[in-house]
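Just need the whole structure built from these sequences, with the hints factored in.
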Amino acid sequence: MSFSPEQFVDKLQQLHDSQDSISTSAKWLLSQYRDSEAIAETWKRYVTQKKLPERKRLLAVYLVNHVVQQGRSQGIEQFQKAFAKVLIDTLPMVSLQFPSELQGKLKRVVTIWKQRKVFDPASLQQIELNLNKAISSSSTSSSSKSNGSKSNRTDLNVPSNIQPIVSLYQKLNKNKHNIPALKSRFDNAINDLDINSLVYEENFQTVTKIAKVTQDTIKESMGNRNELIECLQTLLNQEVKSLDQDRVLLNEIEFSLDSKDPVKIANNGGVNNDDDVLPSYGGNDSDSDSDSDNDNDDGRKSDDSNANSDDEVTVMPKRQLDGGSEEEELNKQKKMKPANPEEEEEEYIVDGGDDDDNALETHDTGNTESTVTSSIQDLLSRLAN
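Read in numbering that gives the first Met the number 0, the sequence shown has 277 at position 278, and its numbers run on one by one without any break.
Derived from the structure by calculation, the hints contain no laboratory data.
Beta carbons: idealized from backbone N, C-alpha and C, even for Gly.
One should not assume that every hint holds.
[Unchecked claim] Listed next, the in silico DSS-like pairs over lysine-lysine satisfying Cα-Cα at most 25 Å (straight line):
| # | residue 1 | residue 2 |
| --- | --- | --- |
| 1 | K170 | K182 |
| 2 | K182 | K132 |
| 3 | K50 | K80 |
| 4 | K84 | K55 |
| 5 | K116 | K132 |
| 6 | K173 | K104 |
| 7 | K49 | K104 |
| 8 | K218 | K263 |
| 9 | K211 | K104 |
| 10 | K84 | K132 |
| 11 | K182 | K208 |
| 12 | K132 | K50 |
| 13 | K116 | K106 |
| 14 | K175 | K116 |
| 15 | K259 | K104 |
| 16 | K104 | K84 |
| 17 | K43 | K104 |
| 18 | K84 | K113 |
| 19 | K104 | K132 |
| 20 | K208 | K55 |
| 21 | K218 | K175 |
| 22 | K43 | K26 |
| 23 | K80 | K132 |
| 24 | K218 | K208 |
| 25 | K55 | K43 |
| 26 | K43 | K132 |
| 27 | K211 | K263 |
| 28 | K170 | K132 |
| 29 | K106 | K43 |
| 30 | K84 | K106 |
[Claimed, not checked] Okay, the calculated beta carbon distance ranges per label pair:
| # | residue 1 | residue 2 | range |
| --- | --- | --- | --- |
| 31 | F203 | V165 | 34 to 44 Å |
| 32 | I217 | S3 | 17 to 27 Å |
| 33 | Q18 | D215 | 19 to 29 Å |
Here you go:
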């Protein structure tokens, strides 16, 4: 049966992380040993694809490892010669697409080849040299990128309350790709279990370890997600509180502007009526009752005052009643010089009130000049009232 590159690529794409899958594909390749050169070139084109997942590249390397070792043990040297030519240049190219963890796996494969002398010494030395150079340059580049990213993060000046959220997002993004890959690996391993296999227990232990790693990764992601939700909720509560405070400040500014607005002041007749712009607060019933009582008390006091005013004794000089003007009477009183204080008395008629209150009051105007002045002032005050 002639070799088909398309069929080989299909087998490469269907590889999964299990010993049976790799062994089955390796047996098929060993049967195509006459086309070892074409197989090696097809493999090179496949693993150097830009969009090929990392796991697929690594599984393709594991397949070559199985083929060359089985070919050596079976005396099929065609694959050793064919792959030695392409691995010198291809393996370093593959390593550049890998993170440091997978690069370590590549170095481990090359170490096994050296120990078991799978390839000739010259080819092994060149493969190892080129691989180490590629990994070294990749590490330097990664370090520069890491320092640059740290510098960028520093320049961003992430607030302290946001930093935990950023850290949790980074952890979740890291597991975003790991979890599907681990779950797929577990599914393939559990499906490949054969209960009739002589090594079923050993295979089951391997599957159990894969399941444990997958479960731990998922639990870690769940913990980070719960913590992230709590951080976001706390941040939300803080922002809601800050928003309310901003609204209060905005209202205060608006009230202050309204109280000083010249248009509104002009509409109020030039009076700055702060009661129109400042918020009012309603009192309780007891306050209203108290205010009402106070108003009633004030009303009663006002009535009493009016009543007293009505009942108040109005004293007018007798001369004024006879028809003289107020000014003339006052002038006469100022000019009065009583000869005998006991002889000179001025009568006053009490006007208003009950009959008992209508009595004639007399004031002594002859004691001293200050007494006359006081009487005049008292009269003016009563007339004004």
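Against the structure, the hints:
Between K170 and K182 the CA atoms are separated by roughly 18 Å; this keeps the pair inside 25 Å, and the hint holds. Straight-line distance between C-alpha atoms of K182 and K132 comes to about 34 Å, which puts the hinted pair past the 25 Å bound. Pair hint K50 plus K80 does not hold up; C-alpha atoms about 28 Å apart against a cutoff of 25 Å. Distance restraint check for K84 and K55: the Cα-Cα separation of roughly 21 Å lies within the 25 Å cut-off, and the hinted pair is therefore satisfied.
Taken as a hint, the K116 and K132 pair is honoured in the structure, with Cα atoms around 22 Å apart against an allowance of 25 Å. At most 25 Å may separate the alpha-carbon atoms for a hinted pair to count; K173 and K104 meet this at roughly 20 Å. As the CA atoms of K49 and K104 are separated by approximately 20 Å, the hinted pair is consistent with the 25 Å bound. In summary, the hint linking K218 to K263 is not supported, as the alpha carbons are separated by about 65 Å, beyond the 25 Å threshold.
At roughly 21 Å between alpha-carbon atoms, K211 and K104 fall within 25 Å of each other, so this suggested pair holds. At most 25 Å may separate the alpha-carbon atoms for a hinted pair to count; K84 and K132 meet this at roughly 18 Å. The hinted pair formed by K182 and K208 meets the criterion: a straight-line CA distance of about 12 Å does not exceed 25 Å. With a C-alpha separation of about 23 Å, the suggested pair K132 and K50 falls inside the 25 Å cut-off, and the hint holds.
Among the hinted pairs, K116 with K106 is consistent with the structure: their alpha-carbon atoms are about 15 Å apart, no more than 25 Å. Among the hinted pairs, K175 with K116 is inconsistent with the structure: their alpha-carbon atoms are about 40 Å apart, more than 25 Å. Taken as a hint, the K259 and K104 pair is broken in the structure, with Cα atoms around 78 Å apart against an allowance of 25 Å. The hinted pair formed by K104 and K84 meets the criterion: a straight-line CA distance of about 21 Å does not exceed 25 Å.
For the proposed pair K43 and K104, the alpha carbon gap of about 19 Å is at most 25 Å, so the pair holds. For the hint pairing K84 with K113, the CA-to-CA distance comes to about 16 Å; that is within 25 Å, so the pair holds. Distance restraint check for K104 and K132: the Cα-Cα separation of roughly 16 Å lies within the 25 Å cut-off, and the hinted pair is therefore satisfied. A distance of roughly 21 Å separates the Cα atoms of K208 and K55; the hinted pair therefore holds under the 25 Å criterion.
Only pairs whose Cα atoms come within 25 Å are accepted, and K218 paired with K175 is accepted, the gap being roughly 13 Å. Between K43 and K26 the CA atoms are separated by roughly 19 Å; this keeps the pair inside 25 Å, and the hint holds. Simply put, K80 and K132 have alpha-carbon atoms about 23 Å apart, close enough for the 25 Å limit, and the pair holds. With a CA separation close to 15 Å, the supplied pair K218 and K208 stays within the 25 Å bound.
A threshold of 25 Å between alpha carbons decides the hint, and for K55 with K43 the separation of about 13 Å falls inside it, so the pair holds. Between K43 and K132, the direct Cα distance comes to roughly 20 Å. Compliance with the 25 Å bound is thereby established for this hinted pair. Between the alpha carbons of K211 and K263 the distance comes to roughly 76 Å, so the proposed pair goes past 25 Å and is violated. Pair hint K170 plus K132 does not hold up; C-alpha atoms about 31 Å apart against a cutoff of 25 Å.
For the given pair, K106 sits about 18 Å from K43 by alpha-carbon distance, which is consistent with the 25 Å threshold. For the suggested pair K84 and K106, the alpha carbons sit about 18 Å apart, so the restraint of at most 25 Å is met. Checked against the given bound of 34 to 44 Å, the beta carbons of F203 and V165, roughly 41 Å apart, stay inside it. Roughly 40 Å separates the CB atoms of I217 and S3, a value that falls outside the hinted 17 to 27 Å.
A C-beta distance of roughly 23 Å is found between Q18 and D215, which places it inside the suggested range of 19 to 29 Å.
The structure shown violates the earlier hints numbered 2, 3, 8, 14, 15, 27, 28, 32.
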